[in-house]
Each structure stands twice: as structure tokens, then as C-alpha cells.
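Start from the sequences, fold in the hints, and give me the full structure.
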Amino acid sequence: FLEKDKRVLDELKSLHCNPHPFFRIFPSESDFSKWHVLSFWGSHIFLLYSLFGPDYPAKPPLVRFVTQVYHCNVNSVGRICHNIFDRNYNAHITMREILEAVYGLLIIPEPADPLDRCVCVCVCVCVCVFIFTKRYLLC
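Okay, so the sequence shown: first residue is 1 according to the UniProt record's numbering, each after it adds one.
Keep in mind that a hint or two might mislead.
Derived pair list, reagent style BS3-like, types lysine-lysine, alpha-carbon separation capped at 30 Å [said to hold, decoys possible]: (1) 59 x 6; (2) 6 x 34; (3) 59 x 13; (4) 4 x 59; (5) 4 x 34; (6) 13 x 34; (7) 59 x 34.
Ranges of calculated distance between the beta carbons of each label pair, as one might list FRET restraints [said to hold, decoys possible]: (8) 112 x 32: 19 to 27 Å; (9) 113 x 29: 19 to 27 Å; (10) 87 x 43: 30 to 38 Å; (11) 112 x 3: 17 to 25 Å; (12) 43 x 2: 36 to 44 Å.
Note that these hints are calculated values from the structure, not bench results. Ideal Cβ placement from N, Cα and C applies to all residues, glycine included.
Dropping the structure here:
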């Protein structure tokens, strides 16, 4: 086995033995370096895929939303903007940590680092309207 293969199997075993409460992992039957991931958030279910490239774990896995997500940190093709995929990534970061970071973005978006500025503006405007309504109109 290559280092990548051993690490992917270790990650898979870890997530199988200690499942994440908000994710289910489905590795490809023909290539265990390709995973489908179901994420549960509220009443929503999101499909993601993960691909562990030849440079893994030196480089992060590719993780994308397959389900269309209206989110300022996810673009129209499912790319996720989070520093765990670039400047904060290192070879010791686990797939569990990556999935937790993605789930954290669903809960708390990062409007200061948007991939989709239009969505970011809409979200910020909606939050401002919500705060204004709550503060001044629902007294």
C-alpha cells in the first residue's frame, strides 16, 4: 500500500468505529479513495463527495457539495471555502476534523471569506432585517 492508501483506510476505519453523528460515509466499491458523504443538518440532507488525491495526506482531500447549497462559503459547483483546505491544512488533520469544519460552516457561515458575494450580501441583509424587526417591530 502507498502512504495515501494506508491513511485513507485508517480514516475510514476511524469513522466506521466512531461514527460522526452528522455524517455517513459511503466509500466507492471500486476505489476506496472516493467517498460519498451524507450530511444531516436540521431537516436537510446534503450529499458531498470526497476524493483523496495521489498527494494525500500531504495535500488535503477534495471535498465538494453535490447537493446545491445556497451558502456564502460554497459556490455553485459545490466548492467549499474554508481555511482547513488551504492555509490551515497539514498532514495530521483528520477527515473527521475536515467534516466537522464543513458542518461548522453550515451552522455558522463565514461572511468575511465568501466564495459567493451575492449570497453573502443576501445573508447579511436578511440578518440585518431580522435583527431590526426583532428589535424595533416586535416589541
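Status of each hint after checking the structure:
For a cut-off of 30 Å, the pair hint linking residue 59 to residue 6 stands: about 15 Å separates their Cα positions. With a C-alpha separation of about 14 Å, the suggested pairing of residue 6 with residue 34 holds against the 30 Å cut-off. Restraint check for residue 59 and residue 13: the C-alpha separation of about 20 Å stays at or below 30 Å, so the hint holds. With a CA separation close to 10 Å, the supplied pair residue 4 and residue 59 stays within the 30 Å bound.
Pair hint residue 4 plus residue 34 holds up; C-alpha atoms about 12 Å apart against a cutoff of 30 Å. Our distance criterion of 30 Å between C-alpha atoms is met by residue 13 and residue 34, whose separation comes to about 15 Å. As the CA atoms of residue 59 and residue 34 are separated by approximately 15 Å, the hinted pair is consistent with the 30 Å bound. Between residue 112 and residue 32 the C-beta distance comes to about 36 Å, which lies outside the given range of 19 to 27 Å.
Here the CB-CB span from residue 113 to residue 29 is close to 36 Å, at odds with the stated 19 to 27 Å. Range check, residue 87 to residue 43: about 34 Å between beta-carbon atoms, so the 30 to 38 Å window is met. Restraint check, residue 112 to residue 3: a C-beta distance of roughly 35 Å breaks the suggested window 17 to 25 Å. Separation of residue 43 from residue 2 is about 40 Å and conforms to the stated range, judged on CB atoms against 36 to 44 Å.
When each numbered hint is compared with the structure, violations occur for hints 8, 9 and 11.
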